[in-house]
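The listed protein sequences derive, respectively, from chains R and C.
Residues 25 to 202 in the numbering used here are what the first sequence spells out, letter by letter.
Residues 2 to 91 in the numbering used here are what the second sequence spells out, letter by letter.
I should point out that these hints are in silico values taken from the structure, not numbers from a laboratory.
As the structure is a computational prediction, the values presented were derived from the model and not from experiment.
Some hints here could point you the wrong way.
[What the hints assert, rightly or not] Straight-line alpha carbon distances no greater than 25 Å define the calculated SDA-like cross-link-like pairs of lysine to any residue that follow:
#1 Lys52(R) x Val63(C)
#2 Lys78(C) x Thr196(R)
#3 Lys107(R) x Thr43(C)
Below, each chain spelled out in residue letters.
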Amino acid sequence: MSIRLYLDTNVILSRYAPDEPQHVEAKKLLEEIEGGKLAAVTSVLTLVEVVSTITRAYERFTDKTESLKREEITGIFLRRIMKIRNLDFIPVGGEVSIKVEERSVKLPASFAIALEIGSKTGGKTLDNLHIAAAFVASRIYDHKIDYFVTLDEDILRHQGEIKELIEIKVITPAEIIK
Amino acid sequence: MEDVITSRFSKELVKKVDQAVSRGYFRSRSEALRSIVEEYLTEHPELFLGEGTQELLAKAPVLSDEALERLGSRLFKGMSVANLVAEGRR
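The shape of chain R in the complex, shown without the other chains:
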């Protein structure tokens, strides 16, 4: 496997959302990853986002014929995503200390990187944490990432700055599945 991707939460969930404009591409991408044609990583943060996104979708869900309860639906998605073959989950990383005068604060490595990214791009906190996770995967866990695949409009808007900061190209599923 020569190409390794970082998958954003929205790409993974789009595989199960047929109304999503890039559903077909997201589905094909996940099939290629599970089939071993592509390698992929994502942050453990994705699991947290999956749960909160499914829960919010359920709150707006109006189909009264659905027999599955909210927690069951959340668990079903969580289980499936945790079992995606060839998708590695990147931990938040070991702790690093940042100092200001006599005070020292310990924080996970990816948080320290997200802090730096945030100061340069002005991106949203969770966007920055995903970008930091891709950087951590490449630099700390030795999973060289070729592309950061996302459907997030803000991340896509900042793709030039992100490429400059972490040396990873930001693209959509449609751009990789041609």
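Please build the complex by placing chain C on the supplied structure of chain R, with the hints as guidance.
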């Protein structure tokens, strides 16, 4: 308030603790053991977490990808998943 506890250690372990004390890392055996226990507990938060996530997974039925896609189709009907995820990041 402090409690005194009695515990058995192997000779090898005691030797290592004494070595750390004699090298000046700790002032006494007591301080060494307190510090080691505290550090271990800080590094293992899982010892204090509940089983919530495991229960969530255990209760969830297993669905095929086709069935999960049908469920997603109903759940996300009229919604953009990308927007829904982005909304959670605002």
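Any hints this thing doesn't respect? Which numbers, in order? 3
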